[in-house]
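> Sequence:
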Amino acid sequence: MNNRLLGGTVVALVAFNIARALRLFGDFADAVEFVLAFVLLAAAIRSGLTLERLGLARKDVRRGLLYGAGAFALVLAVVSAAALIPATSDFLNDSRVDVGFARMLFEVFVAILFGTVIPEELIFRGVLLGSAMERWGGLRGALVSSALFGLWHISPTLNDLGGNAGLAEADSSLLGKTAAVAGAVVATFCAGMIFSWLRERSRSLVAPVMAHLSTNGVAFFVAWFVAR
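FYI, in my numbering the residues of the sequence shown are 32 to 259.
These are computed hints drawn from the structure, not numbers from a lab.
Every value quoted in this text rests on a predicted model; they were computed, and no experiment measured them.
It cannot be assumed that every hint is accurate.
[To be verified] If you anchor each label on the Cβ, the simulated ranges turn out as follows: (1) S126 x R171: 37 to 43 Å; (2) A62 x V41: 20 to 26 Å; (3) F256 x A100: 31 to 37 Å.
Even glycine gets a Cβ: it sits at the ideal position worked out from N, Cα and C.
Please construct the entire structure, taking both the sequences and the accompanying hints into account.
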């Protein structure tokens, strides 16, 4: 049953990514992804994966909060340092942060948290990691889910190239785009491995959710603050 769950999840993600790349969802891609995550979660529970295997057991929330807080603080320190270094500060120069304070709060705590972080963690560190670990064990399960997490970011990376000052030059050539996409896939694969480690060490999905929010939300906030 877990083989069918794993295969069905991958097929659903490929179909979603193709539809998103073709802009078939319009402005509702995040909403569709959110719904998809809970559909896949329901399928996982129905297939026999326990809440513990999915990282959703209530008894592990406190442990998840502790690991997540540590990861959040570390990312905040790294991103803040990057903003002060000329060689890396351009990567925080993004046209998407040209918004007011209220909009910035909405982007971090609504759009990013509910449109990206929660659905991706439910899918990749919940359903995929849980089913892959049942099939292949811890390390191979983390490698599989993280590889898929990396590939998941191909389309968003291509869409974001033009709006980021640090990546604008890459958008002007096929070689540059290829290098940028490859870099994004490798970076998100590595992030996926770290999130998987947090998930396993804490036994809770709360830890990778907080770590993921820190990499996206903290980066957005720091970029917004620097742009003021």
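> Are the hints correct? Go through all of them and say.
Here is what the structure says about each hint:
1. S126 x R171: 37 to 43 Å: holds, 40 Å
2. A62 x V41: 20 to 26 Å: holds, 22 Å
3. F256 x A100: 31 to 37 Å: violated, 21 Å
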